[in-house]
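K.L.:
As given, the protein sequences belong to chains A and B, one line each in that order.
Residues 53 to 393 in this note's numbering are what the first sequence spells out, letter by letter.
Residues 2 to 334 in this note's numbering are what the second sequence spells out, letter by letter.
I should point out that these hints are in silico values taken from the structure, not numbers from a laboratory.
Treat the hints loosely; a few may be bogus.
Said to hold, decoys possible - Quick list of the computed label-pair ranges, beta carbon to beta carbon:
#1 Met230(A) to Gly246(B): 44 to 52 angstroms
#2 Lys102(B) to Val301(A): 49 to 57 angstroms
#3 Leu211(A) to Asp276(B): 34 to 42 angstroms
#4 Glu281(B) to Met230(A): 22 to 30 angstroms
#5 Gly112(A) to Lys333(B): 28 to 36 angstroms
Quick reminder that beta carbons are idealized off the backbone N, C-alpha and C, glycines included.
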Amino acid sequence: MTVAGRASGRAGDKRAAAGQIGLLVGGLVLLAVVTVLSMGIGARPVPPSEVVRALFDYQGTDDHVIVRDVRGPRSLLAIAVGAALAVAGALIQTLARNPLAEPGILGVTAGAGFAVTVGSALGLAAGQTGQLGFAVIGSVLAALLVAAVGRRSPLRLVLTGVALTAVLSGVALGLRLMLPDVFDTYRFWSVGSLAAREQASLALPLTAIVVCLCGALLLSRALNALTLGESVAHTLGAGVGRVRAVALVLITVLCAAATAVAGPILFVGLIVPHLVRKPAAGSVPWLVLYTMVLGPVLMLVADIGSRVLLPTGEVPVGIVTAFLGGPMLIWAVRRYGAGAL
Amino acid sequence: MSIRRSSGLIGAVSLALILAGCGSSSDGGSDAASEKDKTRVFAADNGKITIPVDPKRVVATGYAVPALIEADAPLVGISSWKRGEPMMSDEDLAEYKKLTKVAGEQAAETNYEAIAEAEPDLIVIGVPAPVLGDIDVKRLESIAPVVAIGPTLPSAWRDLSRKQADAAGALEKFDAGQKAYEAKAAELATKYKDVLPQLKLGHVGAYGEVAKGTFQREFGGSWGTNIAEDLGAKYYGKVKKAGSGSSAVSEYPSVEELPEAFGEADVLTYSVNADGSVPEAVQYVLDSKLWKNLPAVKAGKTFPLRYTEAATYGQAMKTLDAIDTSFAPLLKR
Numbered sequence: 053m054t055v056a057g058r059a060s061g062r063a064g065d066k067r068a069a070a071g072q073i074g075l076l077v078g079g080l081v082l083l084a085v086v087t088v089l090s091m092g093i094g095a096r097p098v099p100p101s102e103v104v105r106a107l108f109d110y111q112g113t114d115d116h117v118i119v120r121d122v123r124g125p126r127s128l129l130a131i132a133v134g135a136a137l138a139v140a141g142a143l144i145q146t147l148a149r150n151p152l153a154e155p156g157i158l159g160v161t162a163g164a165g166f167a168v169t170v171g172s173a174l175g176l177a178a179g180q181t182g183q184l185g186f187a188v189i190g191s192v193l194a195a196l197l198v199a200a201v202g203r204r205s206p207l208r209l210v211l212t213g214v215a216l217t218a219v220l221s222g223v224a225l226g227l228r229l230m231l232p233d234v235f236d237t238y239r240f241w242s243v244g245s246l247a248a249r250e251q252a253s254l255a256l257p258l259t260a261i262v263v264c265l266c267g268a269l270l271l272s273r274a275l276n277a278l279t280l281g282e283s284v285a286h287t288l289g290a291g292v293g294r295v296r297a298v299a300l301v302l303i304t305v306l307c308a309a310a311t312a313v314a315g316p317i318l319f320v321g322l323i324v325p326h327l328v329r330k331p332a333a334g335s336v337p338w339l340v341l342y343t344m345v346l347g348p349v350l351m352l353v354a355d356i357g358s359r360v361l362l363p364t365g366e367v368p369v370g371i372v373t374a375f376l377g378g379p380m381l382i383w384a385v386r387r388y389g390a391g392a393l
Numbered sequence: 002m003s004i005r006r007s008s009g010l011i012g013a014v015s016l017a018l019i020l021a022g023c024g025s026s027s028d029g030g031s032d033a034a035s036e037k038d039k040t041r042v043f044a045a046d047n048g049k050i051t052i053p054v055d056p057k058r059v060v061a062t063g064y065a066v067p068a069l070i071e072a073d074a075p076l077v078g079i080s081s082w083k084r085g086e087p088m089m090s091d092e093d094l095a096e097y098k099k100l101t102k103v104a105g106e107q108a109a110e111t112n113y114e115a116i117a118e119a120e121p122d123l124i125v126i127g128v129p130a131p132v133l134g135d136i137d138v139k140r141l142e143s144i145a146p147v148v149a150i151g152p153t154l155p156s157a158w159r160d161l162s163r164k165q166a167d168a169a170g171a172l173e174k175f176d177a178g179q180k181a182y183e184a185k186a187a188e189l190a191t192k193y194k195d196v197l198p199q200l201k202l203g204h205v206g207a208y209g210e211v212a213k214g215t216f217q218r219e220f221g222g223s224w225g226t227n228i229a230e231d232l233g234a235k236y237y238g239k240v241k242k243a244g245s246g247s248s249a250v251s252e253y254p255s256v257e258e259l260p261e262a263f264g265e266a267d268v269l270t271y272s273v274n275a276d277g278s279v280p281e282a283v284q285y286v287l288d289s290k291l292w293k294n295l296p297a298v299k300a301g302k303t304f305p306l307r308y309t310e311a312a313t314y315g316q317a318m319k320t321l322d323a324i325d326t327s328f329a330p331l332l333k334r
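So here's chain B without its partners, still in its complex pose (with noise of 0.2 angstroms):
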């Protein structure tokens, strides 16, 4: 009685497996299993890594972090990033602030286990190259598929965070903020057309060393200066020696040096703290007798550039509005 019983039941469950199996199957489970394990190869600064082609869980570190939140890409996880916090809107900063830390600020702190607890199907490195050693990416990769794109010289940002966004599956709204980005650059290079290609231009970083009596000068191309070149401004001059990175756009002479650095400049512009205030490094050159004796600070031709650190079109942006606010006066002379 009991073993008829039992036969029953054993055939009422493989039964009911088989008809849970058969419906599973038509509502098309496995057409999003594949999907899911979709994969394509994607060329990083660390190889040729294979990566889901639609990542659903993002940790992005460094540089990626300001360019995957603008670009609404997918994420559960990223580094601290305060240098950017100014330089962010009001939305994407609360979404910064809101996302969990998976590291600090610098590629040293990288906590490994709250990257595994994150769970992310992809990790987006942006940090440069050689500090990619302080990354023990092996490890990161036993987690999940890593991709480091990582600053190169200073205006290749637009390509990095295409890249970065790209990996991310989030190119959709990347490329609606390039464009805008691009709209307003040709806005403006229109409004200075007539003033801005005819001089010449110098420009004062924020990086010198006060302690070694030296100041940060950028070229074309550099941080303070690649943004204003998008409406038409000409930085003269090329770096003595050039390194790689951002030594290839700026050196950092001696304050001795500033005649011979600007002295033919019509137009010097310096870069200032996302609030307007100077930073030491700039101040020690503006309070310098030798910056008084140029012709273009004589001439009163010196301009304060905020917002010179952008590294996405959205950030882009708004150094578009601080240069326009800061050269409006060519337009009166």
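For reference, chain A alone in the conformation it holds in the complex (with noise of 0.2 angstroms):
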């Protein structure tokens, strides 16, 4: 290559960094717009103005009370949530190196289920506390147990994990039918919900997810060389098992916090890392970086469409994001092609 040439690459590369950190600065700014009419809106609509308010001089009101202690906290899950999601299915899906791969095939969504079906039959999980600490047990036991049985390869470890995912769901659903309480309580849990959680305690999964998405940023350089094949890998010096196994328990974590405070959110974790994937342009890091930006941004404007949606109340997020997911999905294929994926 010649002088000239470099300088050419070098600028390119320059040119493509300053793109890469120019979308992640608008993603945040994006990120920033949304959480606050997400502060905005809702039963009770609070002007922008106000909501600054609320955060910068709060007086008490209604409004800041509502804002402070009610949409606050909503929209910090759901930021905390749709990151965890996000960067939990890129993680797998570079691991796996399945594009159809998403958190909850490790059978963590499953086990959740599962142990909060259980915890209802014994009556030990009626409340939200109850449902979350069954929950957290179910998803890092399930993982536990898929990551033991299928750590030796990602195809094993996909079909390990479809493989709990069928008996577990049958289970619990068999337990479900025949106790009818028990169905009332999971059918609640089950479709996936951001509302009411602002009186729950939430600061160990929150605490759990922010450690985590560090933990992410921290590996993706290694999960970089992973992406180049396992012999690479080891080449450039990656320990490839011990790659693995963190990136399964990062997985595993975020998964199990995420499911455990807000129920089963499908197709964030599938859909965010395909929208992120062209600009990250094969780079692991921006790759994480992007969704962890991206997720809670999709998120929020889930939680923002369950509120106004229907004018009889509340429709559960876990519904609109399966609405958003399918046709985005769908889209990002065809804009894409078969590359992206």
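Hints in hand, dock the two standalone chains.
P.N.:
Printed below as a string of structure tokens:
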């Protein structure tokens, strides 16, 4: 390559990097705007100026209480859950080298649902805190089992996850059909919702999510090497087994924490990585960063939609993400073609 | 010889039968039979039904269970009715436990064979009209006449329980219970006449959905309010979009709408369980900062109400006592 060619290449890299940074900053601005909207829109509308005042000049009025104590925690939860599911999706798709992989494929969602069902049948998971506890236990145990059986290869991991999901879902369904009260408790949890979480103790799951998001960023360079294949990764000095184990732990905790606090919310983990795959240009660190920003944006938009779609009351956000996710996935496939996947 | 003997035997048996027949007639047996067969036409949710004037073997389900136990109807089978157990008197609860259960808590859990085995001459179904579809009424009608008398508006329990008792031919004790209730309600209305009618009240029901972030606001005529209204309480406001049944008198707004719902209230009441514990849906509201910001809450004028699901006069007597206990501080202010 000539000096002029190298200079031109460096200039191109710089332009690409500047573009990626610009896109990230744009995403963060969009996230800030959507967050303010999320705190203003609802059963009782609050103007954006009042939202800002509630955050920086709190007077304790009803509007301020709604922003700070009802919608504020809810928006924070949406950001955390959106980021957790999207990043977990990016990690599992990278790890499994399967574009259709999503966090639930590790059996985490089915494990949480099974545990909530059993907890309800035992009369121990009636309240939000009880459900949260059982969901965490169930998802962690399910993920541990899947990781233990399928750790040797991505394909085995996915197959184990699918098999465990089928078994746990079947048993849980049987229990719910036999016990109508359990079915009643489960149906509210199972649709996935961010409503009414403001009084639940969320410090622990949110802390776990933040720690794991940082962990995902730190791990993303090593995962970058893994995308080139195991042999190349070995040659580049990456500890394949260690990277894979850490990634599995991160995916499990992220997905478990998100499912525990919001119930099973589908599509976010599947769709968001696809939406940002092109601007990430094959870089796992950028993929993780973008999903970390776009996941919350998607979740907040879906949550706003859940409040305004029906005049009769809220639609659970899990239903809105499902409605948004399907068409968005089709759009991504048509827009970027199979290469995007 | 044998022929002559046989003729004599036949003659003797025939004479005995004729005499026996005359004897039974003279004892008034045919009157009893016709009394038993007397019928009347009864207007129920499922149409005009011909039922016995004085049924002797009654099967009751749903809301008819507590009403007919209280009215001392001749029950031979009932559905399970766990939700009403905490509101039954000791005597009624013992009777409830003793009676054969021919159906579960849900209408779909009706045991048709058990009902047939009970050999009823009347079946009283006390479930809401939409739930009636879960029951094979035709199959029940092949066993005995079926009258469906289900709940409509929450405050209509007075008329419905009377109608159920009437169908079962058990109005005597029912009327005594009604009189006792009305006397006690009148007494308490007098006790609170200088306080209650001047206040604007609001009520939080037990059926909000925490998972959706909603609470149940009950207006006048709802489960949590209709008995307090007999004491002169005035629950203000009305449902934004009235539906049928309980949705005509209660609604489920977002918890964010607490200030709009109860900002004008002088006094707030809320449903609690029979043992005084607070249901999760109500606790969610009580823990909200928006609730704590309400003028009535700041003034300390919030009162828990027990037995708000009363659907018979006997149960409502307990509700009156509970309301009296809760509202007592109002008289001191």
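K.L.:
Of the hints given before, which are not true for this structure?
P.N.:
1, 3
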